[in-house]
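**Student:** Position chain R relative to chain H; hints supplied.
Here is what each chain is made of, one letter per residue.
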Amino acid sequence: MSGRRAVIAGVATSDYPNLPGMSEHAVHAQAASRALADAGLDWSDVDGFATTGFFPMYAVGVAEYLGLRPTYFDETNAGGASFEVLVEHAAYAIERGAAEVVLVTYGSVQLSQMGRTLGTGGGGGGGRMAPGPAVYDALWGNTLVGSYALAARRHMHEFGTTTEQLASVAVTMRDHAAHNPQAQYREPITVEDVVSSRLVADPLHKLDCCVISDGGGACVVTSAERAADLPRPPVYVLGGAHATTHHMNVSADPDLTVTAAAMSGPLAFARAGITPADVDVAQIYDSFTITVVLSVEDLGFCAKGEGGAFVADGGLGLGGRLPTNTDGGGLSACHPGMRGMFLIVEAVRQLRGEGGATQVPDARIAVAHGTGGMLSTGATLVLGREAP
Amino acid sequence: MTTPGGGGQSGRWFPDEMPLPAANAETAGWWEACLSHRLVVQRCRSCGATRHPPGPLCPDCRCLESEWATLPGTGTVYSYTVVRQAFLPSLADTVPYVVAAVEPDGAGGARFVSNVVECDPEEVCVGMPVEVVWEDMGPELAVPRFRPRGTAGDEGATA
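Those protein sequences? They're chains H and R, same order as listed. Going by my numbering, the letters in the first sequence line up with residues 66 to 453, in that order. Going by my numbering, the letters in the second sequence line up with residues 372 to 530, in that order.
Same shape as in the complex, but just chain R:
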């Protein structure tokens, strides 16, 4: 099982040359949690509604106060696609890869676009249970990706 927030060791699936986030005051908290391998979602302090991507204002009640709620790190695939054409030269050896809209458990319906790794892209399906795995892209950036739940042990992420 993964620990709360999906903490664990990092694997590598994508090249160093992937686009970098330009974190700002509103998104820095999300990325800081990622750096410590905690999957979080932004939650309104007033009405409790969740949202992603992070932003300054609750779209439900317009409250400006929010907090980062730690998620268990599990979820399901809401939709997915297999990208087969590299849009960066450095992705030439990575395609085909799975881009998925994942509904993390406990995220109140918010969805994260991410990847499903550690499986044959042909095996991914809508509704597939997944769990977070972390990819340390450098000393200041960790990116959450997902793998099928129950098909690999904790050690699998270190491969």
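Pulled out of the complex, with its shape left as it was, chain H reads as follows:
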């Protein structure tokens, strides 16, 4: 490891969750401006840029919109896990000396553009021809929710996980969202509320599914040296790793109950020189309740098969074994499609002690773990308050 250490010097979220008057690019711009201001840096300091989206040369296009001419850019697309990958890459670039200040942004107006039924879509936007990557699922009427439901059902079969245990994830996220004034839903819910909400695809109910939002975020990655005289306490990128098991067809998923987190987690922890027991606070992608159960197992916070019990006994709550998604998560606060950036922003805020009512006391090490596609990708980022 070189002498240069990568840190996150600034973070921000855009306005969310409902931005009918904003374009996608405007969300990037708002989040970027705020993150740079948070870092005490100017646009002219930025020499690296990273983002991703769903048209070719996306990062190049957003860079142009933002008036950037970066000499480092990256648009690795890992679905919802993309931003953990982009920050990991940015850290390598900083440590290698290939960039001084990398701006990483995310923006989406999915809610305003596409409406509230996106998650039940077949992936083809309702068109007649099935989309290339997902053709072997969509032809049989499988949906995005259906793919996660298949994993949930198999987990229930193999390990005895219950719908009530899954529901408890949504309940805990809502508890946290109650403290987040921007959260899309803040009214407390119970396990009974979740399991009695409409079934979308068995065993997943409406309240087992993330919300659909507009919003975005940004962070600024630079070197510890550059951050030394900046206003915010630096947050160190201690380690990161990412992995993939398959693309968009569940039929190609080698094991529905094991995600790419089983690869990315141990690698990231080893690179950071920590174990799961060292983690004070976690931000774990919660596209669906089952996603969190699978992730806490695969990241090693509990044994495979014990995720249901782990989440049901308050493990994810404030004061629990692994306080998780302290902003309310994608299940309650905001999910604009690729939520990974929000995980990083909230992890940094926790490590700076800016968590407000959901602050985990003396949080020193945080994990942001993204999941993308149809449980296709996993990306783990370990962040710390102190230099390694």
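Since the hints were made in silico from the structure, they are not lab data. Be careful, since some hints might not be right.
[Claimed, not checked] Just so you have them, the derived chain H footprint on chain R, three or more residues with Cβ under 8 Å:
(1) 449–458
(2) 475–487
[As the list claims (entries may be wrong)] Pair by pair, the computed Cβ-Cβ distance ranges are:
(3) R/427 / H/163: 34 to 40 Å
(4) R/407 / H/252: 53 to 59 Å
(5) H/332 / R/394: 35 to 41 Å
[To be verified] Sample of chain R residues at the chain H side, in silico, Cβ under 8 Å:
(6) 385
(7) 390
(8) 392
(9) 393
(10) 423
(11) 424
(12) 462
(13) 468
(14) 470
(15) 472
(16) 497
(17) 499
(18) 514
Note that the Cβ used here is the ideal one computed from N, Cα and C, for glycine as well.
**Tutor:** Relative to chain H, chain R alone:
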């Protein structure tokens, strides 16, 4: 009993407006077998590993040569979900329907995402024995679906 490959008459369960496959050089063989009501899986000519969806390269040994192995048409439900929300307007009368990950017998662990039809969705369970039934969606497309094994005779598929 079904014939090898699950040949038999076609029933109708899903609307004409379902998404169509965009078959290419790698997947055409699978769809051509379907058209003759033969359930097949792609098998590596070198190491014998099976894979689905079809692709050009064996993910185990990276051999480029493969063949289509005819399956008996039976299998078990590995996992399933009941889709209750129509993602196409034309599915409004079809929901609720079962989407299942099926492990076909003889497919070497490869799984097909398909449907379980001809039964109450509430009766489907993990491990349920199933057999293929064919749905002719048009003159150039037949789609394999599955029904519980032993609960309906061959004639049931024509209903």
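**Student:** Look at each hint and say if it fits the structure.
**Tutor:** Quick rundown of the hints versus the structure:
no.	hint	verdict
1	449–458	holds (count 9)
2	475–487	holds (count 6)
3	R/427 / H/163: 34 to 40 Å	35 Å, holds
4	R/407 / H/252: 53 to 59 Å	56 Å, holds
5	H/332 / R/394: 35 to 41 Å	38 Å, holds
6	385	7 Å, holds
7	390	4 Å, holds
8	392	6 Å, holds
9	393	5 Å, holds
10	423	5 Å, holds
11	424	4 Å, holds
12	462	7 Å, holds
13	468	6 Å, holds
14	470	5 Å, holds
15	472	5 Å, holds
16	497	4 Å, holds
17	499	11 Å, violated
18	514	7 Å, holds
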